[in-house]
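Novice: In case you want the letters, here they are:
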Amino acid sequence: MILNASMFLPILPEILLVALGAVVLILDLVLPKKQHRNIGWVTAAGMGVILLLSIPARPETEPSLVWGGMLRHDWLGFSFTMLFIFGAGITALFAMDFKKLGHRGEFYLLMIVSTIGMALMVSAADLVMLYLAIETTAIPLYILAGFFIRDDKSTEAGFKYFLFGAMTSAIMLYGFSLLFGFAGTTNIYQIAQSVREGGLPAGALIGSMLLVLVGFSFKIAGVPFHFWSPDVYEGSPTPVAGFLSTASKAAGFVVLLRFMMVVFPDITLQWGAVITAMSVATMTLGNLLALTQKNIKRMLAYSSIAHAGYALIGVAVISQVGVSSMVYYLIVYLVTNLAAFGIVASCGRITGSDEMTAYYGMSRRSPWLALALLVALLSLAGMPPLGGFVAKFFVFAAAVDANMIWLAVIGVLNAIIGMYYYLTVLKYVYLYRSEDEEKPLLVTRPQKLAITVLTVGIILIGTVLVPWFNWATTAAASVF
Amino acid sequence: MQFPILTFIVFTPMAAGLLILLIPGERKREVRVAALAAGIIALVLTVWLYFSYDVAAGGYQFVENYPWLPALGISYQVGVDGMNTPLVLLTGVVMFTGVLISWNIDDRPREFFFFLFLLATGVFGVFVALDLFMLIFFYEIAVFPMYLLIAIWGWKVTREYAAMKLTLYLFIGSVIALIGILAMYFASGLGTFNMLALEGAGFSTTFQKIWFPFVFFGFAVLGGIFPFHNWSPDGHVAAPTAVSMFHAGVLMKLGAFAALRVGIMLMPEGAKFHMPWIILLTLVNVVYGAFIASVQSDFKYVIGFSSVSHMGLVLMGFATLNRDGFLGAGVQMFSHGVMTALFFAVVGLVYDQVHTREIPSLGGLSKVMPLVAVAFIVGGLVSMGMPGFSGFIAEFPIFMGLWRDNPLIAIIAAISIVITASYIFRIVGQVFFGKIPDKFKDHVHDIKAFDKIALVFLSIILIIVGIYPSILVPLVDSGVNNVLRLLGGA
Amino acid sequence: MTFIQLFFIFAAAATLGAALLVVTSRNLIHAALWLIVSLFGVAVFYVILNAGFLAMVQVVVYIGAIAILMIFAIMLTRKVSQVPKPVFNSNWIWALLIAVVMFGSMTWILNMWPQFEAIPPALDPSIDPLRQLGVALVSPEAYVLPFELASLLLLAALIGAIVVAWESR
Amino acid sequence: MIPISYYLIFAAALFCIGLFGVLARRNAIAILMGIELMLNAVNVNLISFWRYATPEKINGQVFAVIVFAVAAAEVAVGLAIFISVYRRRGTVSADEIDLLKW
Amino acid sequence: MDFILNHLLTLILFFPVLAALILFILPSELKILQRWTAFVLSIIPLILSLVLWFNFKSGEPGFQFQEIYTWYSPINASYHVGVDGISLILVLLTTLLTPLAILTSFTITDRIKAYMILFFLLELGMLGVFMTLDLLLFFVFWEFGLVPMYFLINQWGSEKGEREIWGGRRIKSRTYASYKFILFTMTGSLGLLLAIQLIGVTAGTFDLVLLTERWVSLDTSLFNIPVHTVKTIAFWAFVIAFAVKVPVWPFHTWLPDAHTEAPTAGSMILAGVLLKLGAYGFLRLVLPLYPQESKYFAGALAFLAVVSIIHGALAAYGQTDFKRLVAYSSVNHMGFVVLGIAAAAFAVGTQNATIALEGVVLQMFNHGLSAAGMFFLVGVIYDRTHTRDLSEFGGFFPLIPVYGGILIFTSMASLGLPGLNGFISEFLVVRGAWPVFTIYTALAMIGLFFTGAYILKGIKMTLHGPLNTRWVGRLTEINGRELLVIIPLMILMLWIGVWPAWILGVINKAVMTLY
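Residue numbers (the numbering used here), protein chains in the order written: chain R, -8 to 471; chain E, 189 to 678; chain F, 254 to 422; chain H, 20 to 121; chain G, 61 to 575.
Possibly wrong hints are sitting among the right ones.
DSS-like, lysine-lysine: derived pairs with alpha carbons at most 25 angstroms apart [unchecked claim]: (1) G/220 with E/629; (2) E/555 with G/220; (3) G/569 with E/629.
The set of hints was computed from the structure by calculation and includes no laboratory data.
So here's chain R without its partners, still in its complex pose (with noise of 0.2 angstroms):
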């Protein structure tokens, strides 16, 4: 019971975190309201030097539940919680020049909040822990979304996800009550032996399996639990929305790939084939519906659905390789998504509006913009030198590997509808005119910084492939 130096070594990031945020609230209690655009940076900053401050806090190659089982402390974990922190980071960097986002302390305080709930839940190996992670993570994410009060499709859009994930987590909760009714005990590492040994019937298992995807499936947008997002997206601040559609997503998968893997090991077939169903479904109906959209941010919201049902293909099919695919497509997804937000809300700033129109003509307006964007959505379509190819290369290898080629098939016919979207896109930036041709897109400079980091990210993660791969490898390894 005694608390040592070496204890607080695995939340180490989460301290931190906490530590920022209590820097953030400060300030904004005593800067002047002019400077209040400069808790951007140091939140920026901050979580820059959390990265660098967190390579101690490493877990060793042997997993380790810490905190009474609370948490476990391994690469899975660990390499999200880097990853939800740049995210972070880079959202804080886009949100600085918002206006009615950027100068406000609690923004960035409640970003940060989210940020240390992801952390956890990412990590979480206890009901009890999990189920605080997870609305630890939305409650915020809530405000954010309806963060401008005075603007109506904010507001609504805070009201919905609210509404919508306020439900799906009850009915979530429902089945971990179930599940450790069952078990006797929340330690979800403990969860799948006990309930072996109490004998329980697969059907039983398998409700409270269906009960707790539910809430799962909301995290990800997976259908059928999916449309709220493409409101929530477009109403939301724009960052918002991009940080929603990565960090939060990517979470959702990490909690869902870990409590399917470890909770359920032996009920795999039935888990497996409606992961397969949802995988299909999402992706397809993901893509379908981004086909006719007019709206870039509902666009991407759709899209970012099809990307979960691709991304849902590395936990279908349930091996080693699908788990390490679906960490490396997820790491790309969310450097490639947070570029796409990204620019989408640097432009969006300008013009006003996120209207296909707007993006008329874009690249003579500002070139290099343009060519970010095309460097991310080329990546969300999967091209190579990009990460998305090397991520989607890897989910269909997954799938072909576990002989399910039907469902790579399905995965590559659906790459090329959202190939089709994609390309929509660039054909209005590149080819279409418009009367502001002359009017220059100005990107500030934590804009152009983010975006700068992002599409380098994007390239280096498609062509040196040999540290992302491991580190997804190792990520992967330690679910087991």
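Could you slot chains E, F, H and G onto chain R? The hints should help.
Specialist: Using the frame of chain R, we list chains E, F, H and G on its own:
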């Protein structure tokens, strides 16, 4: 450690493209000069490569091998043999001439050359790849800039439609092939994407029979195989000149080459099983393509469909699965590449002057642009397989290959030669001879010096190969040996 | 059937009845009141289940805070609350179907559990659940981390609620 | 004694009533009440499981306490959001908040 | 000198390319310079082929001046050239007619440079066919020659005339003619191409010397079809290709159009050399490669030949266009060539065959001279009157007596008047064919009668009869340059007619060793 020439070739265009991006967009002249410099460097490197390939030794040369992702057996491995060395040269040639022809592009030349060079890097990468992952990686790099190049700088009327159609067709093909590649990877159990290793993987006959069509057709879509050729004429027509040159000249070879490398060479049993019916498709390509070309009235569509016909010959050569067929196909890839680049250059130059491509409305252009007329005639003669030009060198062995097992197909396919001759002569007559219509009289001028260099350069290559095939053929032959070895000396 | 069972059934019926009225009352104030009744019913079960502390918390937090907060909110958004409009949305029949099916399948799932008919074991008198709970919530070997996180969450929720509900002029 | 099945079925019923409310009600506050019912059902579950299966351990109760905390936070945030919506739109009826396509 | 002798054929063959290149770099304004350069350069192959002629050892069997280099190694095709007596004569004919044709073309004013370059390329193609000993290369040159000819007709053909084609569109006659020319010959060659490929596949080589052994002795079945059938099909593929070129009825319809529309020099070369390509193909390829099939189908061939003779003569008689008349006379005369070949094929190994073949080769040479001469003379008169309509001519003799004399002389040579060259060769053909195909030969003799008739008709309508006064003053006498063209031809006609032994000796040896 030898000079890593292949790596240099692959990445020269990319590096140049990135450098060009750094030039401010309004300094168009500097952009062009930089592009030309890159084109020249690439050309020099490829020529050097071509002539330093040791034909007597054969096999893969200039091999470089660096691990890329060792955990999955992915490596950056490049090397050339007799089959792809000419194609690398071809790419260098087309890149160089493409830059020359594109000198007049005025709308965002910086982006244009960047995308064009990105495309070139992809093409080079595929041609020299000895690793399946690398191959598909560069294959897709070669596909997508096409969309932008066509959509942005293409012919206003059809560019959006054509660009999308093309990209989707090719993308579908490539991802289907990708699935096949993955299946091969896992079925081999070797844990490597190295093609040389996979050659000895010994896939079961059943596996090959199932997967060969995926891989072959996946790539052959880009080769324009019937009935998946539809994208090609539309794409050609809509593309700007240099892109058409690249597209028909090099990209279609990319498809055929990949179909050979991955499909036939890695799954020879599958090839033997399926080729008897695939050859019928290629026959449709050859004859139907020529026929459709002959009834077009749009100059560029004629050339577009003639490419379908000629690429049909390449695939037909593959489908014979014998030495002569492969030899001819190998030569035809090079010959058709240069020829069609020449054709599209001509069409582009004509269009630049008269702003129409309707054949009946043209006439008498040989008086203002004699060199263009000559170049077109040279290209035309090549395309009809006229002896003395490279086309003959290429087509003759293909037909010989056909004779060995499919005499009837040889006879039917030969009809295309006459059809080709008929439309080529018709076009020559209508476009370049006769009276110049009054409406063109004043504003039609001769072409610029750069364009002339490009045309002459391409024409000379065609003639040299035609009269002195030894410059190319032994090389291809040594590559064919490589293929035949895998086919069991068939 | 023992007395306690009868009592249980009575309490359950009352709670569920109140809950039904919560979801069906046209008047939101009534609904909120019925919610309080229902929550109170639940607290009764906590008592039966030897979780007195939770029952207390239920009364204090839920009834004392949450339900009151809701009534405030209802008052604040009163304008609509009184306009006669349908209580349910157009899909209510589906909602009903889902709820019924859900109930059926849940009982079915629960029924599969081998200990479905279990009788409560005797509590070890030496253990004080309340003390146990207190220790667990602050012990690093147990639930201190969630406990701390919960405080963070409540802080964030507080700030967040102010952000959206406060309209600065 | 009361078998655990009583509690569990009661909780399931409460949960489903809450769910019905969530799915069927128009008014957002009513929906939120439904959610509270669902959370209460969960808590009943948790406590009864604790009492019947693992009375020697305390996790069930801790879980319930945490659910309380979350529920409080959720309600606070939810109501704040409702009020901000109401201020803009003059309604908190879920099917009238339809500026976005839903 | 040794170098020249060792590479004599290559030099002759590729000198025209050099000439074309030289012309190419000449400035395009200096027309006279271009003309004379072309002429002088075209003399050089003639000189070289005279060197060839005098260094040729007619007594030795087989091919001489052989050169062999790798050309297309993977399919065993090589650059293999060599001449025997037959090809020697035709090489000489080609190099002789080319300078004369170029001299004739001095009247061309439009794009002289291109014109001359095409002419040299044409010469290259023709020489290549005669010299090569490789089947593939044979085809290369065979096809290659078409292209310059196409453009010569298409671009420098007669300006006038329109033809209606299907669809009711009207196009220029020369376009129509050139199109017909190229499509006929290319379609004809298609079979040849396929047959060559077939041979290449089965025999594994294209070298004629090797092929005569391997292909002829081949008797396994091919593609599950009896080898006999395959060979028969291939035989007909060859025959049709060559028959189109010769041309033999019914493949001749392109010829009158092409001849009529071609520029004068083009017609000269067309009739003088190009038609010989077909006949040469029969001699060089068909007879050695298909001895049995040739023998078997000789009757059919002879029949076609006779139809050609009679049809050609009758058609020629029916013409009012002077150039068309001469064109049909080519059909008529070339019929004799084919008849001789058919006879030789049938009676292979006998003395009759030898005689017939001698006649054939000589007839090829002779027809080359006389047809070129006739077309030239038609061209001369056309240059002055700008019409070819015989009915507008008449009574020219008094106006232009020298021209009249030359026309009569050349016509007589064409007619086969004893003492001039035509007689010798036609006699030899008839002499060889008579014992073999008596009836056909007899019918051919009737054809000869009509030959006389149309020649005389031509002379009569041009030189005699009432004078069309339109031409008085416009019609000038033949000039010096034109004399320079026709006189060498006349000398040769007379020389062969009077003392044919010099040339027959060469032919005889070649024929004897070959067959």
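Novice: Each hint needs a verdict: does it hold in this structure or not?
Specialist: Consistency of the hints with the structure:
1. With a C-alpha separation of about 24 angstroms, the suggested pair residue 220 of chain G and residue 629 of chain E falls inside the 25 angstroms cut-off, and the hint holds.
2. Annotation: proposed proximity of residue 555 of chain E to residue 220 of chain G holds, straight-line Cα distance about 20 angstroms (limit 25 angstroms).
3. The hinted pair formed by residue 569 of chain G and residue 629 of chain E fails the criterion: a straight-line CA distance of about 62 angstroms is larger than 25 angstroms.
The earlier numbered hint that this structure contradicts is number 3, and it is the only one.
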